[in-house]
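One line per chain: the protein sequences are Z and D, in this order.
Each step along the first sequence adds one to the number in the working numbering, with nothing skipped, and position 133 is 133.
Residues are numbered in the working numbering as their position in the second sequence, beginning at 1, plus a constant of 1000.
Just so you have them, the derived chain Z footprint on chain D, three or more residues with Cβ under 8 Å:
no. : region
1   : 1011-1020
2   : 1125-1133
3   : 1260-1269
4   : 1279-1293
5   : 1308-1314
No wet-lab data here; the hints were simulated from the structure.
All C-beta atoms, glycine included, are put in the ideal place defined by N, C-alpha and C.
There are 2 protein chains.
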Amino acid sequence: MTTTPGGGSSLGALPRTALHPSLSAPLLDTMTFLNEVTLRYPQAISFAPGRPYEGDFDVAHVPGFIETYLDHLRERGYSEERVRTALYQYGETAGQIRDVVARMLDIDEDMTVDPASVVVTVGCQEAVLLTLRALFTGPDDVLLVDSPSYVGITGAAALLGIPVVAVPGTPNGPSLEGLDRTVREIEASGRRAKCLYVVPDCSNPTGVSMHRDDRTALLAAAGRHGLLLLEDNPYGVFSSVRRPTLKSLDTDRRVIYLGSFAKTAFPGARVGFVVADQLVEGGEGGGPGLLADELAKVKSMVTVNTSSLSQAAVAGMLLQNGGGLRAANEGAARHYQATMRHLREALARELGAGGPELADVRWNDPDGGFFLTLDVPFPADEAALHVSAEKYGVIWTPMRHFHLDTAGDRQIRLSCSYLTTGQATEGALRLARFIKDQVQG
Amino acid sequence: MTTTPGGGSSLGALPRTALHPSLSAPLLDTMTFLNEVTLRYPQAISFAPGRPYEGDFDVAHVPGFIETYLDHLRERGYSEERVRTALYQYGETAGQIRDVVARMLDIDEDMTVDPASVVVTVGCQEAVLLTLRALFTGPDDVLLVDSPSYVGITGAAALLGIPVVAVPGTPNGPSLEGLDRTVREIEASGRRAKCLYVVPDCSNPTGVSMHRDDRTALLAAAGRHGLLLLEDNPYGVFSSVRRPTLKSLDTDRRVIYLGSFAKTAFPGARVGFVVADQLVEGGEGGGPGLLADELAKVKSMVTVNTSSLSQAAVAGMLLQNGGGLRAANEGAARHYQATMRHLREALARELGAGGPELADVRWNDPDGGFFLTLDVPFPADEAALHVSAEKYGVIWTPMRHFHLDTAGDRQIRLSCSYLTTGQATEGALRLARFIKDQVQG
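Build the full structure now, drawing on both the sequences and the hints.
Next comes the structure, spelled out in structure tokens:
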């Protein structure tokens, strides 16, 4: 330490204990890891990033998206001055395209949603953060997550100091017996399970989807346990099997629905939303208000409002496509399904007829989406990943990043979304060579 | 309660105790109040919203801003594919225009900043939230705020459960004696003061600016007390007196600098930034890292990255203006100063030569910026505001919204930023009539 002119000691490097504990947890490095590992091995084929395919995007179309939205405002009677205000100025905290979002949910998901229950957010990640902040009051409120689970939910919970407990997963979504047991254990410890986070369609990281009957059963279980469900649905549009969302089956306002335009429009816009039609005592006029209003209050202290440019671009894309994005994404859905098929076929050719030492190499068969789970009979850790990237030219994500405990250490998440079918096949060949050498080596 | 098919009870309205306590604090209603009170009385002249003047903005220029930034990437050798990725895809968590921001700080503020220490955020509000989350570890870490204080800082602290203590303000910024006393009291209670938040130039809500000597003295005091300073500078560009930022005087990495493009470019873009060049033990390679890297980790769980469209638009505006925005905002600065002059002159004409009962009606003389403080000899509360709006057609903000205690209940914040000079004069006349009637009743 040196003395400064002011008489104090100079500021050295801050010890890590001076920072919030979540910053020393490996969890928060995962997102960075996922985004940047591909950059470290530019020659490798990467099954790591959950990025949408961008081949169909043309930057020259962006001004047209914005103009379409502004024209929509003009058609609704906005003067040029109000149009300018809509783009230039601070906007409504809950978002200016809530009506457009509600209409999309009607068209794409058969969901009837009051625009007043929608909050437009800076990507789905902000929707997660706002919802957790509003609903969790202290250390006795426990968040349940389907396991393995998306790092965006467990990471946001860590930032807010919210305790998280994993509900065991099955090949068809969360185990209801596991849920019952977990809730009982939490209650026995004097705490209470408040929400369960679940991705019912083509889950990240596993690719698993819930059957329709399991959705109904989960809603009934939530009612029994007094749980809210946080339904995150970024991949439903890319499933080959169309199933009702939990929210559309929900007759009791049990489900808070989290949506994203990152996969259906474009990630750079950072637009997502949350539908929160739950009633809350003591709203504006004294009677019950909407949970959405409370989320907007939180948002006013997080990002104030979502970029009007981004909202305009996304709304313009929707309007140019008749109000929905499911039809516009049929090509993308086919692309992801073809890539996944090529990956699975190549894995089957290379590993399916192997010796008994390959019997434990297995992979699942998602209905669509971006992700697939691969079981291997050796630790799929970062050391193995670096060998795979350097010597075999193929990158993947260790599944243990998505577990709260040490489970998943012999599983791999493969993402097909960012590759061509040729790359998927070539990547599968490289991966098969790596696996064979690990098993037989 | 009714019974659902699942056997549980149906979800009634959530009691407010089921929500985070910050949502029941009046604090979080303030932002909504400020944004929406003007809408309630459309005929009134509003000195309430801290919104920039939008008369010089043309929506038709927005595509050009974006194109200018994309051309900048092309000039730097980006292929069309990389340009597309920059706009379409998930981007760097810390931002893609950090170099452009660092260059602006050099041009506009004579600050030499390493782009690696910049994190581009969704408005300055997200920068505040990220910084607080990273630096505050638990209930013993206390945030100091200059009082009265911007609700964005106290609101973000409330969301994160961070204890906040006000440092008494003077007409020239925070009282250093008050700071010493406050720090000692906090230490005596077994806690520690970690940061002081301050707006040294044309503060929101008071309009107060710190003299240069007071800035040096504050830096020395921060050194003595082991405090970090959070310098928020949205209005410095609009001051008639140019003074060095705290950060530019900081030789000891004591200052975390918070910046905004909401006033200099446009609020709808939602782009701000934080400069955090503090060293942190245990960075990427094992040696010290930058606090900016830790803020980016937090950001990955809040908004993932800032809208690439918004970043492109703001960077394009900067590039079209030679890299800085100070020169481009000279007209806006003159406009705000003229509006404030008209307001003050009309107040002086109407209230300055009043009887002894008006002797306690006083207002300050800010160097510029958006805000001015007006003292009145009666409670300036919401009841008075509604009378003022309905009967006199003029809206203002009760200063007590910006105090942690009950202080400021006879003060008013007047914002001149959103009005024409004619509206400012007319608003001042209406305000004078309201004040006279209240005083002379």
